[in-house]
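Number of protein chains: 2
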Amino acid sequence: MSRITIFDTTLRDGAQGEGISFSVEDKVKIARKLDEFGVDYIEGGWPGSNPKDIEFFKHIARVKFKNSKMVSFGCTRRPRHTAESDPLIRNLVESGTPVIALFGKAWDFHVTDALRCPLEQNLDMIHDSVKYLKSLGREVIFDAEHFFDGCKANEEYALKSLQAAADAGADALVLCDTNGGSLPMEVRDITSLVCSRFKTPIGAHIHNDSGMAIANTVTAVRAGAVHVQGTINGYGERCGNANLCAIIPILELKLGHRCLPPGKLEEITEVSRFVDEVANLVPDERQPFVGKCAFAHKAGMHVDAVTKHESTYEHVTPESVGNDRRLLVSELSGGSTVVQKAAKIGIDLTKGSPEVKAALDTVAHLEHNGYSFDGAEASFELLLRKSLGMYRKLFDLKGFRVIIEKRGPEEEPITEATLKICVDGKEAFTVAEGDGPVHALDNALRLALKQFYGKELAKIKLTDFKVRVVNTRAGTAAKVRTVIESMDSEDSWSTVGVSTNIIEASWSALADSVEYGLLRHLPK
Amino acid sequence: MSRITIFDTTLRDGAQGEGISFSVEDKVKIARKLDEFGVDYIEGGWPGSNPKDIEFFKHIARVKFKNSKMVSFGCTRRPRHTAESDPLIRNLVESGTPVIALFGKAWDFHVTDALRCPLEQNLDMIHDSVKYLKSLGREVIFDAEHFFDGCKANEEYALKSLQAAADAGADALVLCDTNGGSLPMEVRDITSLVCSRFKTPIGAHIHNDSGMAIANTVTAVRAGAVHVQGTINGYGERCGNANLCAIIPILELKLGHRCLPPGKLEEITEVSRFVDEVANLVPDERQPFVGKCAFAHKAGMHVDAVTKHESTYEHVTPESVGNDRRLLVSELSGGSTVVQKAAKIGIDLTKGSPEVKAALDTVAHLEHNGYSFDGAEASFELLLRKSLGMYRKLFDLKGFRVIIEKRGPEEEPITEATLKICVDGKEAFTVAEGDGPVHALDNALRLALKQFYGKELAKIKLTDFKVRVVNTRAGTAAKVRTVIESMDSEDSWSTVGVSTNIIEASWSALADSVEYGLLRHLPK
Numbered sequence: 001m002s003r004i005t006i007f008d009t010t011l012r013d014g015a016q017g018e019g020i021s022f023s024v025e026d027k028v029k030i031a032r033k034l035d036e037f038g039v040d041y042i043e044g045g046w047p048g049s050n051p052k053d054i055e056f057f058k059h060i061a062r063v064k065f066k067n068s069k070m071v072s073f074g075c076t077r078r079p080r081h082t083a084e085s086d087p088l089i090r091n092l093v094e095s096g097t098p099v100i101a102l103f104g105k106a107w108d109f110h111v112t113d114a115l116r117c118p119l120e121q122n123l124d125m126i127h128d129s130v131k132y133l134k135s136l137g138r139e140v141i142f143d144a145e146h147f148f149d150g151c152k153a154n155e156e157y158a159l160k161s162l163q164a165a166a167d168a169g170a171d172a173l174v175l176c177d178t179n180g181g182s183l184p185m186e187v188r189d190i191t192s193l194v195c196s197r198f199k200t201p202i203g204a205h206i207h208n209d210s211g212m213a214i215a216n217t218v219t220a221v222r223a224g225a226v227h228v229q230g231t232i233n234g235y236g237e238r239c240g241n242a243n244l245c246a247i248i249p250i251l252e253l254k255l256g257h258r259c260l261p262p263g264k265l266e267e268i269t270e271v272s273r274f275v276d277e278v279a280n281l282v283p284d285e286r287q288p289f290v291g292k293c294a295f296a297h298k299a300g301m302h303v304d305a306v307t308k309h310e311s312t313y314e315h316v317t318p319e320s321v322g323n324d325r326r327l328l329v330s331e332l333s334g335g336s337t338v339v340q341k342a343a344k345i346g347i348d349l350t351k352g353s354p355e356v357k358a359a360l361d362t363v364a365h366l367e368h369n370g371y372s373f374d375g376a377e378a379s380f381e382l383l384l385r386k387s388l389g390m391y392r393k394l395f396d397l398k399g400f401r402v403i404i405e406k407r408g409p410e411e412e413p414i415t416e417a418t419l420k421i422c423v424d425g426k427e428a429f430t431v432a433e434g435d436g437p438v439h440a441l442d443n444a445l446r447l448a449l450k451q452f453y454g455k456e457l458a459k460i461k462l463t464d465f466k467v468r469v470v471n472t473r474a475g476t477a478a479k480v481r482t483v484i485e486s487m488d489s490e491d492s493w494s495t496v497g498v499s500t501n502i503i504e505a506s507w508s509a510l511a512d513s514v515e516y517g518l519l520r521h522l523p524k
Numbered sequence: 001m002s003r004i005t006i007f008d009t010t011l012r013d014g015a016q017g018e019g020i021s022f023s024v025e026d027k028v029k030i031a032r033k034l035d036e037f038g039v040d041y042i043e044g045g046w047p048g049s050n051p052k053d054i055e056f057f058k059h060i061a062r063v064k065f066k067n068s069k070m071v072s073f074g075c076t077r078r079p080r081h082t083a084e085s086d087p088l089i090r091n092l093v094e095s096g097t098p099v100i101a102l103f104g105k106a107w108d109f110h111v112t113d114a115l116r117c118p119l120e121q122n123l124d125m126i127h128d129s130v131k132y133l134k135s136l137g138r139e140v141i142f143d144a145e146h147f148f149d150g151c152k153a154n155e156e157y158a159l160k161s162l163q164a165a166a167d168a169g170a171d172a173l174v175l176c177d178t179n180g181g182s183l184p185m186e187v188r189d190i191t192s193l194v195c196s197r198f199k200t201p202i203g204a205h206i207h208n209d210s211g212m213a214i215a216n217t218v219t220a221v222r223a224g225a226v227h228v229q230g231t232i233n234g235y236g237e238r239c240g241n242a243n244l245c246a247i248i249p250i251l252e253l254k255l256g257h258r259c260l261p262p263g264k265l266e267e268i269t270e271v272s273r274f275v276d277e278v279a280n281l282v283p284d285e286r287q288p289f290v291g292k293c294a295f296a297h298k299a300g301m302h303v304d305a306v307t308k309h310e311s312t313y314e315h316v317t318p319e320s321v322g323n324d325r326r327l328l329v330s331e332l333s334g335g336s337t338v339v340q341k342a343a344k345i346g347i348d349l350t351k352g353s354p355e356v357k358a359a360l361d362t363v364a365h366l367e368h369n370g371y372s373f374d375g376a377e378a379s380f381e382l383l384l385r386k387s388l389g390m391y392r393k394l395f396d397l398k399g400f401r402v403i404i405e406k407r408g409p410e411e412e413p414i415t416e417a418t419l420k421i422c423v424d425g426k427e428a429f430t431v432a433e434g435d436g437p438v439h440a441l442d443n444a445l446r447l448a449l450k451q452f453y454g455k456e457l458a459k460i461k462l463t464d465f466k467v468r469v470v471n472t473r474a475g476t477a478a479k480v481r482t483v484i485e486s487m488d489s490e491d492s493w494s495t496v497g498v499s500t501n502i503i504e505a506s507w508s509a510l511a512d513s514v515e516y517g518l519l520r521h522l523p524k
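These protein sequence lines map, in sequence, to chains A and B.
Anchor point for the first sequence: position 444 equals 444 in the numbering used here, and the numbering is continuous, going up by one each time.
Anchor point for the second sequence: position 487 equals 487 in the numbering used here, and the numbering is continuous, going up by one each time.
Hints listed in this document are in silico derivations from the structure and should not be mistaken for laboratory results.
Hints may be right or wrong, so weigh each one.
[As the list claims (entries may be wrong)] Quick list of simulated restraints, FRET-style, between CB atoms:
| # | chain 1 | residue 1 | chain 2 | residue 2 | range |
| --- | --- | --- | --- | --- | --- |
| 1 | B | Gly-399 | A | Glu-319 | 53 to 59 Å |
| 2 | B | Val-63 | A | Glu-410 | 55 to 61 Å |
| 3 | B | Ser-21 | A | His-521 | 45 to 51 Å |
| 4 | B | Lys-455 | A | Gly-425 | 47 to 53 Å |
| 5 | B | His-81 | A | Gly-263 | 35 to 41 Å |
| 6 | A | Pro-87 | B | His-309 | 39 to 45 Å |
| 7 | A | His-521 | B | Glu-270 | 33 to 39 Å |
| 8 | A | Glu-285 | B | Gly-346 | 39 to 45 Å |
| 9 | B | Asp-113 | A | Glu-25 | 49 to 55 Å |
| 10 | A | Gly-169 | B | Asp-113 | 55 to 61 Å |
| 11 | A | Glu-319 | B | Phe-65 | 56 to 62 Å |
| 12 | B | Gly-399 | A | Asp-424 | 22 to 28 Å |
| 13 | B | Lys-459 | A | Gly-389 | 52 to 58 Å |
Glycine is no exception: its CB is placed at the ideal position from the N, C-alpha and C atoms.
Produce the entire structure from the sequences given, and follow the hints as far as they go.
Here is the structure:
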C-alpha cells in the first residue's frame with residue numbers, strides 16, 4: 001500500500017484546453033473542492049503569463065487549506081537574467097505559494113532550436129533557479145519538459161538536466177511527455193532508468209495525444225514513479241492531460257496504492273461533475289469510472305448477467321467511485337437516490353413506496369425533457385415537496401412581458417420587464433429595467449414580492465447564472481437549460497429551468513430560486 | 001513493416017453504446033465508407049439479436065466491396081441444440097456473409113454462473129460450432145469472451161477454450177477484454193503466452209473501462225497479436241471499445257505496421273467525422289489524431305515554438321492523418337498566431353509590425369471584456385479584416401425589438417422580433433416569431449436579408465448555440481458570452497458575442513455568423 005502523491009494541474013495546464021476559460025472565482029471554487037477531495041498539490045496558475053493568475057494567487061493566499069498545498073508554475077530563469085533578477089521568477093516568489101513547480105528544458109533540440117541558447121547554459125539556468133528558490137525555503141518540483149523525447153534523442157543530456165535540478169536540491173523530478181507521443185514501453189524503460197539513477201522522488205506528467213496518458217501514467221508508477229500529475233476530466237491543451245479521474249481509481253482499486261485520504265475515492269464522480277459544471281463543459285458520458293455511461297448496461301444479455309453477478313460485466317463496482325449502475329432497458333435506477341435525497345431534507349420514505357415511485361416518474365419525465373437535477377438540489381427539493389403534498393405555494397404568476405429594444409447599431413439595448421403575480425388574492429403588477437432580460441425579470445419579481453415578503457427577500461442574493469443548450473442539433477431553436485445559484489448569509493442553492501425559450505427557462509429557475517430562498521426564512 | 005489486420009465493429013459492438021441507434025440505411029452508409037477506407041473486416045451486426053440486423057444483411061449482400069469482408073456476429077450453439085439445429089447459428093449461416101465472428105466463453109465463472117452449464121460442455125459447444133461453420137466454407141473468427149479475466153482466474157481452462165476453437169479450424173483466435181478492466185502489463189503477459197502456444201493468428205478486442213483500450217490494443221500487437229478489433233471514434237457499450245482512429249495511426253506512424261491500403265491513413269479524420277455525422281453525435285474535440293483540438297495550440301510559447309519547428313509540440317504531423325493545425329487566439333497567444341491566421345486567409349503580415357500589434361491590442365482589450373476567440377475563428381477573421389481595413393460591410397443594423405410575453409402560469413410564452421437593417425441605402429423592416437428570442441431574431445434577420453442575399457443565405461445553417469456567464473459574481477446582471485456555430489455544405493465556423501444583455505451578445509454572434517457565411521459565398 002505505498003503512497004502516490006497526486007499533483008492536480010486542472011487550474012494551470014487544464015486551463016490551456018480549448019474552450020476553457022476560468023474566472024478567478026471559478027478557480028477559487030475548484031481549488032476549495034480539490035482541497036476537500038484531498039489531492040496533495042494544486043497547481044493554481046502561471047503568475048508570469050497573465051494578470052488573472054496574479055490576481056488568483058493574491059486571492060488564494062487568504063484561503064486556509066486542509067489537505068492540499070498551493071503551487072505556482074513558471075520556467076527557469078531566462079539566459080540574460082540571474083535567478084534573482086528574472087521578473088518571471090520574482091512573480092513566482094511573490095505569489096507566496098509554499099510550492100513552486102519549475103519547468104526547464106530536457107531535450108537538447110529544444111534548447112538549441114526553441115530556446116536558442118548553448119546546452120551548458122540551460123543546465124546552469126536549471127541549477128541556479130532551483131537553488132535560488134530552495135534558498136528561500138520553498139518546496140521545488142522540477143518539471144523536465146519533453147523528457148521522454150529528450151531521452152530518446154540524447155539520453156546523456158536529458159539525464160544531465162535532471163542532475164542539475166537534483167544537485168540544486170529539487171524535491172521532486174517530474175518526467176514530462178509534453179507532446180503526448182510516447183508509448184507505454186518507452187515510458188516504462190525510461191522511468192525505470194531514471195528511478196535507478198536518482199534518489200529524489202520521480203514524477204510523471206503525461207499528455208494524451210496518443211490516447212495513452214492514463215496507461216502511460218500508470219506504467220510510470222509501476223516503473224517507480226511516486227508522484228503523478230494530471231487534471232480532473234483530463235482537461236488540457238490539444239487532446240488533454242492525464243485524467244486523474246481514471247488514474248486515481250486504477251492506482252487505488254487495482255494496484256493497491258493510496259492516493260487520497262480514506263473514503264475520498266467515493267467522491268470522485270461528484271468532483272468530476274462539479275468541475276465540468278464550473279467549467280461549463282458538457283460532461284463526457286463515456287468517461288471511465290465517473291461518466292454517466294461507465295456502468296450503463298444496454299445489451300439484454302449484459303443486463304441479465306449483471307443482475308445475477310455484478311462482476312460479470314463490471315471491472316469495479318460503481319459504488320467504489322461514487323457512480324451509479326444504470327440498466328438502460330428497464331430504467332430501474334434511482335429509487336434509493338430519491339430515498340436518500342428525501343432523508344437529507346428530513347423526509348422519511350421507503351424504497352418501493354408509491355411516493356417514491358411517483359417522484360421517480362416525475363423526475364424521469366422531466367429528465368426526458370432535458371432537465372438535470374445533478375446540480376440543482378433546490379429544484380429537486382421543491383419537486384419532491386410538490387409530489388408529496390408538502391409544498392406551500394408563495395405566489396401565483398399571472399403573466400410577464402419582456403421587451404428588449406436596440407435603437408441603433410452603437411446603442412446599448414434597453415430592457416424592460418412587466419410582471420403580474422398574485423399572493424393570497426392580492427395582485428401585484430410591476431415593471432422594472434435590467435441589464436438583460438433575466439435581470440429585468442428578477443428586478444420586477446423582487447419589486448412585486450416586496451410588500452409580501454420584504455424582510456426575507458432582502459436576505460437572498462442571486463450569485464450565478466448558467467445556460468447550456470441541451471439538444472444542440474436544432475441551432476437557435478434548441479432547448480436550453482438554465483441553472484441559477486442563489487445565496488443568503490448561511491447557504492447557497494441551485495435551481496434549474498428548461499425550455500426552448502431561454503426567457504421561460506430562466507423564469508422557471510428564477511421563480512424556484514426565490515421561492516426556495518423565501519421558504520428557508522418564513523415560519524414553517 | 002508487418003501487416004496488422006483491422007476488424008471494425010462500429011456497426012455491431014459500437015451500436016451498443018448509449019445514444020447510438022443506427023438505421024439500416026445508416027449502417028449501409030458506414031459500411032460503404034469503411035470499405036472505401038480499406039479496413040479488412042466489417043462486422044455488420046448480430047442477426048440473432050434483432051430483426052434490423054437481419055434486414056441489414058439482406059440489404060448488404062447485394063453490395064460489392066472493394067477492400068473489406070462482411071462479418072456477421074453470433075454466439076456458439078446453446079447447450080440444448082446441435083450446431084446445425086441452433087436457430088441462432090442458422091441465422092448466421094443465412095446472413096450469407098463470407099466471415100462469421102463467433103463468441104464463446106473463456107472464463108470458467110461465466111460458464112458455471114452466467115451460462116450455467118458444465119465446463120466440458122462449453123468446450124464442446126465451441127468446437128462443434130466452429131467446425132460446423134468451417135464445413136460450410138466460411139471463414140471463422142473466434143472471439144474468446146472475457147479471455148483476460150478468464151486467464152487470470154483459470155489459465156488452463158481459458159487456454160482450453162482457445163484450443164477447442166483452434167482444433168476445429170478457426171481462422172483467428174481473438175482475446176477479449178470484455179469488461180475493460182485489464183492493465184497493459186497483464187495484456188502483454190497473457191498475449192505473449194497465447195502467441196507462444198498457438199499457430200493460429202491471434203487478435204485483440206479490448207474495452208475502454210479503464211481508459212486504456214488504445215494502449216492495451218497496441219500492447220497486444222507488440223506481444224504478437226496480428227488482428228485488431230475496434231470501432232470508429234471508440235463507440236461501444238459503457239466507456240466504449242478500442243478506438244481505431246487512434247490505434248491505426250499509432251500502428252502505422254509509430255510502429256511501422258501496415259493496416260490500411262497506401263495513402264488511406266490521410267482519410268482517417270474525415271472517416272471519423274463522417275461516422276459521427278451519421279450517428280448524429282457531437283464529435284469529441286479532444287480525440288487524439290482526428291479531433292478538432294488534436295493539433296490546436298493555445299499557450300503563446302507553444303504557438304511560437306511550433307511555428308519555428310512543428311515537432312516541438314506535435315508528436316506526428318496533422319497532415320499524416322488528414323487533420324489541421326490550429327493556432328488559438330487568446331490572451332496567452334502572441335504575434336505568431338495573428339501572423340499565421342492572417343496568412344491562412346491570404347493576408348501577408350510580419351510579426352512585430354504595427355498591424356499585428358494593433359490586432360493583438362484589440363484582442364487583448366476584447367478578452368479583458370469577456371470575449372474569447374479560441375473557439376470563434378470566424379469572429380476573429382472579421383475582426384482582423386476590420387482592423388486591417390479589408391472588411392466589406394454587408395448590412396447596417398438600424399435597430400431591433402424583441403418581445404417575450406407569457407399570459408398565464410401554464411401558457412407557452414410568445415416571442416416576436418422586429419428588425420430594421422439597411423443594405424446599400426435600401427431598408428428592410430421585418431417581424432418574425434421564434435421558439436425563443438434568438439431564434440426569433442435569427443428568423444427576422446433571414447427574412448430581412450433574403451431580398452439582398454437570398455441565394456447565399458439559403459446555404460447557411462445554424463447548428464449550435466452556447467452561452468456562458470463570464471463574471472459570475474454579479475448574478476443575473478453578469479456578462480454573458482454567446483458562441484454560435486454555423487455551417488454550409490463545405491465547412492463550419494464559430495462566432496462570439498459578449499454583453500451583459502444575453503440578447504445583445506447573441507445578436508453580435510448571430511450577425512457575425514451570418515455575415516461570415518455570406519462573405520464565403522459572395523464574389524470577392
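Do Lys-459 of chain B and Gly-389 of chain A keep their Cβ atoms within the hinted range of 52 to 58 Å?
-> Since the Cβ atoms of Lys-459 of chain B and Gly-389 of chain A sit about 55 Å apart, the hinted range of 52 to 58 Å holds.
Determine whether the Cβ-Cβ distance between Val-63 of chain B and Glu-410 of chain A falls within the hinted range of 55 to 61 Å.
-> Since the Cβ atoms of Val-63 of chain B and Glu-410 of chain A sit about 60 Å apart, the hinted range of 55 to 61 Å holds.
Lying within 47 to 53 Å: is that true of the beta-carbon distance Lys-455 of chain B to Gly-425 of chain A?
-> violated (59 Å)
Evaluate the given range 53 to 59 Å for the C-beta pair formed by Gly-399 of chain B and Glu-319 of chain A.
-> This hint holds: roughly 58 Å between Cβ atoms.
Do Gly-399 of chain B and Asp-424 of chain A keep their Cβ atoms within the hinted range of 22 to 28 Å?
-> Since Gly-399 of chain B and Asp-424 of chain A have Cβ atoms about 42 Å apart, the given range 22 to 28 Å is violated.
Could you check the hint for me, namely that Pro-87 of chain A and His-309 of chain B are 39 to 45 Å apart, CB to CB?
-> violated (27 Å)
Taking 49 to 55 Å as the hint, is the beta-carbon distance of Asp-113 of chain B and Glu-25 of chain A inside that range?
-> holds (52 Å)
Range hint 33 to 39 Å: satisfied by the CB atoms of His-521 of chain A and Glu-270 of chain B?
-> violated (59 Å)
How does the Cβ-Cβ distance of Glu-319 of chain A and Phe-65 of chain B compare with 56 to 62 Å: does it lie in that range?
-> violated (46 Å)
In this structure, is the beta-carbon distance linking Glu-285 of chain A and Gly-346 of chain B contained in 39 to 45 Å?
-> Holds: the Cβ-Cβ distance is about 41 Å, inside 39 to 45 Å.
Beta-carbon spacing of Gly-169 of chain A to Asp-113 of chain B - inside the hinted bounds 55 to 61 Å or not | Given about 57 Å between the Cβ atoms, the range holds.
Per the hint of 45 to 51 Å, is the separation of the Cβ atoms of Ser-21 of chain B and His-521 of chain A within bounds?
-> holds (48 Å)
Hints 4, 5, 6, 7, 11, 12 from the list above are not met by this structure, while the remaining hints are.
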